[in-house]
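Residue numbers (our numbering), protein chains in the order written: chain A, 1 to 323; chain B, 1 to 323; chain C, 1 to 323; chain D, 1 to 323; chain E, 1 to 323; chain F, 1 to 323.
One or more of the hints may lead you astray.
A pair counts as met if it fits within one copy or between any two copies, since identical chains are not told apart.
Within a straight-line C-alpha distance of at most 35 Å, the following computed DSBU-like cross-link-like pairs (lysine-lysine) qualify [as the list claims (entries may be wrong)]: (1) Lys91 - Lys49; (2) Lys83 - Lys4; (3) Lys4 - Lys228; (4) Lys21 - Lys265; (5) Lys83 - Lys265.
What the hints contain is simulated information worked out from the structure, not anything from laboratory work.
Protein chains: 6
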Amino acid sequence: MEKKLYDYSVDESFELYLLIKSADIRVAKNGKKFIAFTFQDTSGQMDGKFWDASEDEIASLTPGKIVNISGKRELYQGNPQIKLFKIRITKAGEPTSPELFIERAPLKKEDMMEELNETLFEITNANMNRIVRYLLNHYQKDFFQYPAAKRFHHAFVGGLAFHTISMLRIGKTIANQYEEINKPLLYSGIILHDLGKVIELSGPISTEYTLEGNLLGHIVIVDELITKACLSLKIDDKSEDVLLLKHMVLSHHGKLDYGSPVRPKLRESEILFMIDNLDATVTMLNSSLSRTEPGEFTERIFGLDNRIFYKPLSQDNEKNIED
Amino acid sequence: MEKKLYDYSVDESFELYLLIKSADIRVAKNGKKFIAFTFQDTSGQMDGKFWDASEDEIASLTPGKIVNISGKRELYQGNPQIKLFKIRITKAGEPTSPELFIERAPLKKEDMMEELNETLFEITNANMNRIVRYLLNHYQKDFFQYPAAKRFHHAFVGGLAFHTISMLRIGKTIANQYEEINKPLLYSGIILHDLGKVIELSGPISTEYTLEGNLLGHIVIVDELITKACLSLKIDDKSEDVLLLKHMVLSHHGKLDYGSPVRPKLRESEILFMIDNLDATVTMLNSSLSRTEPGEFTERIFGLDNRIFYKPLSQDNEKNIED
Amino acid sequence: MEKKLYDYSVDESFELYLLIKSADIRVAKNGKKFIAFTFQDTSGQMDGKFWDASEDEIASLTPGKIVNISGKRELYQGNPQIKLFKIRITKAGEPTSPELFIERAPLKKEDMMEELNETLFEITNANMNRIVRYLLNHYQKDFFQYPAAKRFHHAFVGGLAFHTISMLRIGKTIANQYEEINKPLLYSGIILHDLGKVIELSGPISTEYTLEGNLLGHIVIVDELITKACLSLKIDDKSEDVLLLKHMVLSHHGKLDYGSPVRPKLRESEILFMIDNLDATVTMLNSSLSRTEPGEFTERIFGLDNRIFYKPLSQDNEKNIED
Amino acid sequence: MEKKLYDYSVDESFELYLLIKSADIRVAKNGKKFIAFTFQDTSGQMDGKFWDASEDEIASLTPGKIVNISGKRELYQGNPQIKLFKIRITKAGEPTSPELFIERAPLKKEDMMEELNETLFEITNANMNRIVRYLLNHYQKDFFQYPAAKRFHHAFVGGLAFHTISMLRIGKTIANQYEEINKPLLYSGIILHDLGKVIELSGPISTEYTLEGNLLGHIVIVDELITKACLSLKIDDKSEDVLLLKHMVLSHHGKLDYGSPVRPKLRESEILFMIDNLDATVTMLNSSLSRTEPGEFTERIFGLDNRIFYKPLSQDNEKNIED
Amino acid sequence: MEKKLYDYSVDESFELYLLIKSADIRVAKNGKKFIAFTFQDTSGQMDGKFWDASEDEIASLTPGKIVNISGKRELYQGNPQIKLFKIRITKAGEPTSPELFIERAPLKKEDMMEELNETLFEITNANMNRIVRYLLNHYQKDFFQYPAAKRFHHAFVGGLAFHTISMLRIGKTIANQYEEINKPLLYSGIILHDLGKVIELSGPISTEYTLEGNLLGHIVIVDELITKACLSLKIDDKSEDVLLLKHMVLSHHGKLDYGSPVRPKLRESEILFMIDNLDATVTMLNSSLSRTEPGEFTERIFGLDNRIFYKPLSQDNEKNIED
Amino acid sequence: MEKKLYDYSVDESFELYLLIKSADIRVAKNGKKFIAFTFQDTSGQMDGKFWDASEDEIASLTPGKIVNISGKRELYQGNPQIKLFKIRITKAGEPTSPELFIERAPLKKEDMMEELNETLFEITNANMNRIVRYLLNHYQKDFFQYPAAKRFHHAFVGGLAFHTISMLRIGKTIANQYEEINKPLLYSGIILHDLGKVIELSGPISTEYTLEGNLLGHIVIVDELITKACLSLKIDDKSEDVLLLKHMVLSHHGKLDYGSPVRPKLRESEILFMIDNLDATVTMLNSSLSRTEPGEFTERIFGLDNRIFYKPLSQDNEKNIED
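If we strip away everything but chain A, and leave its shape as in the complex, we get (with noise of 0.2 Å):
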């Protein structure tokens, strides 16, 4: 298989193909301009700094295009960065589709839309199960590609949908484990909890909050939608089961430090909140390990206040393939 970015060590060089995700312009204390460019391809992100750019140069190489880069791989304060020798845009019958070059869900998106449907079966209640589906239906498309979050965690085509699918499997077994939570709302307010981010962000790449986002937050957008698809669907939104519903939604994020406006006030909700929990730190800390050395730490991870983790010498999983 072809090598990609992050399987080169520090100190060797390598001509790649990029994509280039981020450029920024800056002033050099010698009052040049230089690019501070962070690429992407499938193997993960890394930044690289081009001095000394010219007016065309920085005309040219925009986020989104596909470069063709000579380097080497070196380390800048701790983190991993390119050094760049030449750096060109592709020619006629080099690859051009962003596409290629950005990570994504490891589920296949058909597989995704196959264990939901499956567990909308589950969906027993008549009113969860048709504003579940309306609601699905509607963002059916934005849904499979956005990003579960901005950085941080599942932040990746298709994250959203993966984060989703991945709770719904935690949620299962748990569901079955203690028999007296009710599946039906359980499973509901997993695949609803996040679908706001499909308007809270502007897209699945180069992902920012939409001023909707900024002002109003994905979790109040959730209700909204639900209230909509009530009136749509006429169903009494003063009902029980819808009022359940919203509150799944507006209290999954535990506490109100975190930004719900309610703290759980139901079995199903509080669980909600741990699962979700559960499966983003797991994403950031395998995703932080991957990147580590045995008998290293990690880096700090932001989204696990700043903690740094070991990677231990010995790895008894069966799955011994991190590094």
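Please arrange chains B, C, D, E and F on chain A, whose structure you already have, making use of the hints.
Below, chains B, C, D, E and F alone, put in the same frame as chain A:
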């Protein structure tokens, strides 16, 4: 003028008509039942225990009834209390309307309506004006009857409207002093900010949280009302006007910890938060100080971090009638 | 089936055998002594006061005794309570074994042992396997009898083992879902994490903290047990395996503030903390909700920030038998 | 009108007279010295770096000097910055007075004095009136020149008096709305609350904390000033009037955590705290928003928990001149 | 030696002269009045309730009176309590002086004065020496009579002076160990740090907060005393010596949250804070432990975060007389 | 006496032998490598950058080497720094032993040993005496060489022993002042409290956290050492003596948040916590103030909440040699 409940001093006896606000049946240590009453007239509320209540008395002395009471004002663990000598249901020819015994806003409904209507002319933004008029119209009756809170401040009939009017007055002087302020936005936000209370609470008297109030909270409820109003009025709910107005409501508790899902991101929403806080604080302070003797401290005020406040001996304000 | 204590409704009379769980001698306001009892059968615990107790009754009605009681279920300040009509010590031919009245884990000891033993085969790391087997062997009897806590959750006979089994089940589904997880480490950590309770607490019934529990705490106690096990088994306690296992135990409270001397620095210890929290939370919620009527809120749950939870009218889960 | 520094857009060149507000000598990574300037005119302050400065230039280009600058406005890491082409000291016939380049209160000193004097007539309590007059008299010059803070808000010449006047205006409308308020006490408290700044800070321009400011703080300094004023005026400093006034000053930061040695224990001191907070907040918001484009967010505002605020595209306020 | 109140065990009867420390008139659930007493002799304080008190008894059994009591020591909800059999005012020939019943400092006033005077010779800074002498002289009588606190620690006659002496002893050993410490500054700070208590509190016995204490607090009161002392002594109160001394007092609570308007900014003020904390803590611990049986835990200690402390069975200290 | 590094003033040139404490290879903005050094002699540590380093120089100028340096002391962003003119490895006949350049405890090892041995005679509890002797014996060499911390305080050769001796001195004066204190327990706790540092840290020079230090922490490590010592010495580790001693060590950080798994529950462990804090604080303050000019403030001290402290112009202490 006829003497009211709070016009009597400690150890003074009285015979009065009072409204039963609440009546809890409890079991005394000797195994017999007693009723823990809260009585009320327009001067305030006071507790009183009725020992060795018969099953008949328990069945008839219920909340909402008017009773004739012979008793004495006492002090019990620092709080005023009625020692009951005799209690009986009113007979023909005696007062029967609970309305006569309930504290209400110091402004008449008609005056509050007029003041509110005048403000509507200053809401020169078309979308905001239509939404505010639509919702006021829709909830007019409850808006002028509901309290602004279950306890703490403005917990009386008409309290919601009075709190709103009071905030509008402060809002106007501030908006005139700092001319950069967007008046239509600030005034719309003030009028709508607590409107959800008419759904969060169960009614104007002996109010409790509804299921909707418990699971969604009044902040999100207003957001839903605006969403629906836009649908009815065919206003684009993604227009900046609507997003700004929703944000005013969503952020008016100022901090996540106080139950807002987003912190204020507009000058006007930060100001709305401060005006709300100011009116609530002064109202709680005035209420506690009016029940305190000069030279003494108030009881601990729950809504103000359980602090106590001093009422000076010398009162240099124009209105020296608090005691 | 015979009716148990909690099968009776408020105001219903009964005659039952109950175990005295605790009996506090207090002085009433009239200067006479009374006994504040907590009674218990397998349906739960309930308080009851016995007025004007004689010195003989005080001497004989002590914790651990079985008594025959005529009484009535009442409600006292929102909590269930027994109004005592008659109480007497059991006679010959009546039940005498406290064991019959005590709540116990819903799984049989033999089944839990088998499930645990099967897990041991999945601990493929030799050092961890030997340490876990050694300690389980050593403390086997207490491990299957002790509760998992003095109050709050799993505070019943066999609670410690049941909590451990329950966590293992969740742990296995999570380890199967995220294949990077080191299974031997996670399972060893789950099995040993609370083992120190058998030394921190005084016994399976009416348990109190021991001096060792007070001064060292169960977290450090397990660390010492592993240290001694290594000496006995001649395992190098500076090997990475042992340090990882000790760290699992030491960090399993997740935060310094919750009593762990180090925060989790391993993926598996972060997960252990979350699984522990999840099982404890669901167990507390199920317990409180099982004593709550549909359409009502639970009492405040101490272990969950004193929050209250709602039990919906509509129960869409498969097991509709909670009430 | 002549163009000022902030009237130029990014990348626009200019030649301007500017005041040097500060000039730090630093060593570049190449070992040569450079000067990190902050320049200023009445439109605001902007940084600029002067590379390879000679010892002569370092000696002459010092804070307080007026310079003639050819340069270009740039953006450096999101902040405006001057790229210097040429810098020289002013010659004969060119502006030399720093006063001309300094931002000042939007009200004239005479107008502020008159407004203050009118307020004194409303301080009808004899002791308070005499103390306030005595101290205002004593510190009159500095009171109208000092800023209200080193940074954050009202950090300009005359800022202290302007902040005080602004608070008095709000205070008066609030005192008129809630008639129980003790006006003499509230107004005296507003006038004196920050007077200690004239001793805590070193002067009206380029102000720093004095040793007295560092070791005592402006809150305690005012308390001492009142103590001394009482001695001079032969007022009993144990009279209730004086204690109330001192308490207003001591508690005006509202919380212990914000540096008040006592929390407010008077209605008027709680209100003083809220008015102070309101004026400071609105002033900071207006200042940041005036430098923000419609449709954009402000930079992070340090004095407001580092939050960012949105400036709407539609400006419905009467004064649409902020940008 | 005569047996004192605390020399009697639970359930032991006694007849004793005791001082009435406080006497609250309350109404029992049966509507009759009773007196809730706190009695006191030099061994400590104990509560006792007097049921069905007549109006005559209420009028005569007031705080400050000496009474003869027949009663029995009991345990009420974990606290010691007197069950009253008989209570009467003392007759001619019986003890009448409250002084005889009050706990006092373990050192004689003369010895404390001498120890303090010796320390004054070590305050070699002229300004500090004059200020300390002036204030000690001025408040000498109260300084040796007042307690150091209303509750918690050193709450006895002479407690203020004893706490000061105790801190001076620790201060001297620390100043000798770390020779960089400025002794005159540290010793002056220790002597003056709590002097404001003589104004904050109402007197040596049954002390309450004065209005001055409530509105200003003892920390600011000392600052005012130093300000006035400088005026009397014609010492420049802007000299560094005076600012340092004032800062010692102002910052001695160590944190803003604990009521200091400034945090320590001198080595000596940081040390003053730690010594104050050390002496208060050890004094509270000794007091609680002296009332605890070996092998038991103390009651919760309010001044130490409500923690409980263990009193070991084995006492290896030289003085084994605590119990 | 020969001039040391910190004896030179800013802008003064020098030629000195210095030890390379650390040497980070970094890439400058121009793409070339440079070495960021920290140099050290017994007067302290100072940074210096070496530009355009060749690969040979990078290979030879490594930590632990002694170098001869021509340079100049400068000030860089408020911190002292060396501007390097020339740097070379020492030749034959020049100093080569790192020992000569390292700061060490101000007491000689022999004197510390003697002082410690004398203290052992005061540990009259047999179990404690044996455990302390056993562990001191076992770790004697490291105990007198290791620092007490990686940074902050006593971060020098012999720092651990010196910090211990210093605490013992304070502990003895306090134990003599409050005679209830259990001396054997307090002294044993002081001696052992930080002994785990010899395992938590990697060595006396350029120390780092070991894996054991990271995963267990020095507090738990000492607990394990005591556990093993008991096994070797055949002391019952469930005896009260041992539990008390372990508790001293486990609780000596005073709060859960500071890393203790239990809060102090003994008078002596609360005191141990305060003494530890006192010695660390005074040591940090003395160190920072010794590098500060009179009339100036220190740099921010990380270990003291990033506060700054003032060094007065007038120094009234006996030892006026800090600057």
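Contradicted hints - numbers only: 3
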